[in-house]
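Okay, here's what each chain looks like letter by letter:
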Amino acid sequence: MLARAAESLFWLARYMERADYVARLLQVAGHMNAVRVDSDRNSEWESAIVASGSAKAYFAKHAVANEPTVIDFLAFDRDNASSIVNCIEIARRNARAVRTALTSDMWEAVNATWQELAAYRAPLSPDRLNEFLDWVKARVGLFHGIVANEMLRLDGYRFARVGQFLERADNSARLLDVKYHVRLPTVDDVGGVVDYYQWVAILRVVGARRAYRVLFKGPVQPAHVAELLIIRTEFPRSLAYCYQQITQHLDAIVSFEAKAAAEAKRQAHSLYADLRFGFIDQIIGNGLHEYLTDLIQRNERLGTQIAKGHLF
Amino acid sequence: MTVSKPCFDEMGWPGEVRAPYALIDAWLKSLPPEHQAMKRREAEVLFRRIGITFAVYTEGGDPERLIPFDFIPRVLAQAEWQRLRRGLEQRARALNAFIHDVYHDREIIRAGRVPEKLILHNSEFRPEMEGLDLPGRMYSHIAGIDMVRTGPDDYYVLEDNCRTPSGVSYMVENREVMQRLFPDLFRRNLVAPVAHYPDELLATLRSLAPPNCVGEPTIVLLTPGIYNSAYYEHAFLADEMGIELVEGADLVVSKDVCYMRTTAGLARVDVIYRRIDDDYLDPLVFRPESMLGVPGVHFANRAGNLTLTNAVGAGIADDKAVYIHVPEMVRFYLGEEPLLRNVPTHDCSKPDELRYVLDHLNELVVKAVHGSGGYGMLVGPHASRAELESFRTLLKTKPQGYIAQPTLALSTVPTFVESGIAPRHVDLRPFVLCGADRIRVVPGGLTRVALKEGSLVVNSSQGGGTKDTWVLES
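Protein sequences appear in the order of chains S and V.
Residue numbering for the first sequence follows the numbering used here, beginning at 10 and increasing consecutively.
Residue numbering for the second sequence follows the numbering used here, beginning at 8 and increasing consecutively.
Please note that a few of the clues may not be correct.
[Stated by the list, open to error] Partial list, derived from the structure: chain V residues whose beta carbon lies under 8 Å from chain S: (1) R48; (2) E51; (3) I233; (4) S236; (5) A237; (6) A242; (7) A245; (8) E251; (9) L252; (10) V253; (11) D257; (12) S261; (13) R275.
[Said to hold, decoys possible] Quick list of in silico lysine-lysine cross-link-like pairs, DSSO-like style, CA-CA up to 30 Å: (14) S:K317 with V:K262; (15) V:K405 with S:K268; (16) V:K46 with V:K36.
No wet-lab data here; the hints were simulated from the structure.
Every residue gets a Cβ at the ideal spot worked out from N, C-alpha and C, and that includes glycine.
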């Protein structure tokens, strides 16, 4: 297929996935904030910014992270490349550039999302905001569903899936790493109520409250949350699952730049092997933050290598 | 702004309904008014969802505008269409023969039928094309011939578009939307289909494979990209034909062979249906600063490894000063009498004609020889005194840059407007496909309608709309 079309499909799926993740982050931050009893009412908003991977850009513009500015930044700010509005805009631009590689339902799903977006203008009331975030999740779900049901299993489909799962791996890693960045009010709070709710919040973002109960039972424990998000292939938002998908799709793509593409495959398989055969105790023992930081960097390098291997 | 002369209404409004419109008349009478408004909204939603937009990025506002669609069809009887079709084929043959001649022996100039100056000093003349033989001797493979009508049997060619005429996607999609909105209207199969246009186009492009092509040609559509106003059409046609939609950066020429960059390496390309102007096509030959084109593509063409449609230099035939000579081309190359008439045209480069034009400026339409899209044009009867004066000056300083024509009383077709149904002026752009094997014309074409009362300007960039165009099967 046309290299430019492969690239556009890759980014189309990636930005749709990102829009979904940012919507989830905002929803959980709002929920956490509503049930908070202590005085530090801004920490959830700071967590959301950190977990979105845009802390640098945010703090260059705003001094503090509070509810209205974070919502605006993550949902509507045109200056934030990863705001929901921008994600949808960029996704649609990529879709438009490869219209001939999309099924008509795929195109109409992206195009209608982009059109309906105009109906949501900042600032939104809390009810309306929630409706907006639900809508974003539903639209992205629709999109990925159409991809699954309609696309021919050729290279175009595989590039879209690789884009989606690279993005998801990045998101899950950042989400888990948020606990490193957001300090608890006091040292005594470790293992306390606030700490507990923060771990629960992480599960909520990835929609894994029930998944946790099925796999681990009992109260939420940090090590189990880490295990779920990192190495459990049963859970479709875990890093291991993402890499299972990435390796599988990369292996099936016929490539021209044999050396560069082989290097992309090697990197992906090496990462997958680490995840597949890792022990959670060891990962935590060696430092979860260091582990996740390394993973985020390798994930990013893989993205670059895929572009090289396929003439993007 | 109304045209004072009485106009021919194709439906017969307000008098007796003309025969081809009997079906439309019965249908309109059965359509309750509240239904009409609802269907108009439905149509708009359909167009937006499908993304059939016409992008105008320079003027602010919604960059992706819809061209207003009026759902009262414009109807031609089969006999009316057959006459037109024969005329269109004849004209397209003559135009292609002319372009071939211009880049070869220039017999028409030597015979004194067309002035040499008009060709060799024309900015659309491309000396790079001299002596090159093209498949089937065809240059303008996709030609849009703009027609107007002033009476039951009076058709005129307004202009020929020999380069990259657009609008054909509207012809196909207007029908598609009409069928979705009013399926009952089509149940009796009275209307000739148009949905096979992309198949006909593909067959045409296949017939044009270059001399060095082995086996089935690989065909691509070259677009300037998503910001081009006709991008939707490019994507639509590529999709319908099942060919790749490429941008300049996707193509590369090596040793006079053109390739596209795919994830599996370079793949040879044999035919490019390009929707980029000559000027931007090949920075090595034409404008060096062009980012849209493909360096070396012209040499691949010259080496017989690639066909470009439409051919470089085809624009020499659609210049408005050259237009005057098209009937003569039909006689000269085909030995036939032209079936389609030209609008009587004054060549302002001739002193006596210029004098006439200056004396009758308020009755005439003056057009810049190289203008298009309804710009650079004066409609005498509707012009202000200041506009008349500015054109008077232009004509005196650069008479060779203009032609003038009488204001025609363009035919009207009933159209939905604010106040209900009213007659509005229309034109017609049929698309003539000229392959190396034969000429193909899909029945009908794109009908454009001037939505403003009395207005004669149908261009979509200036508030024109479109209609579904029906050719009745019998």
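**OP:** Could you check if I233 (chain V) really has its C-beta closer than 8 Å to a C-beta on chain S?
**Re:** This hint holds: I233 (chain V) lies near chain S, its Cβ roughly 5 Å from the closest one there, short of 8 Å.
**OP:** With chain S as the partner, please determine if S261 (chain V) meets the hint condition of a C-beta pair closer than 8 Å.
**Re:** violated (15 Å)
Original post:
Any CB of chain S closer than 8 Å to the CB of S236 (chain V)?
Top reply: violated (14 Å)
Original post:
Do the numbers back the hint for D257 (chain V), that is, is its least Cβ distance to chain S under 8 Å?
Top reply: holds (5 Å)
Subject >> Hint check: 8 Å Cβ-Cβ cutoff, E251 (chain V) to chain S >> reply: Interface hint status for E251 (chain V): holds (5 Å vs cutoff 8 Å).
Subject >> Pair hint K405 (chain V) and K268 (chain S), alpha-carbon separation not exceeding 30 Å >> reply: violated (62 Å)
Subject >> Interface hint status, R48 (chain V) versus chain S (Cβ within 8 Å) >> reply: Violated, about 15 Å.
Subject >> When the least beta-carbon distance from R275 (chain V) to chain S is tested against 8 Å, hint result >> reply: violated (14 Å)
Original post:
K317 (chain S) and K262 (chain V): Cα distance at most 30 Å?
Top reply: Satisfied, since the Cα-Cα distance of roughly 25 Å is no more than 30 Å.
Original post:
How about A237 (chain V): closest beta carbon in chain S under 8 Å, or not?
Top reply: violated (13 Å)
Original post:
Should the interface hint for A242 (chain V) be scored as holding, given a Cβ-Cβ cut-off of 8 Å against chain S?
Top reply: At about 4 Å, which falls below the 8 Å cut-off, the nearest Cβ of chain S leaves the hint on A242 (chain V) intact, so it holds.
**OP:** Grab the minimum C-beta distance from L252 (chain V) to chain S and call the hint holds if it beats 8 Å, violated otherwise.
**Re:** holds (5 Å)
When the structure is compared with the earlier hints, violations turn up for hints 1, 2, 4, 5, 12, 13 and 15 and for no others.
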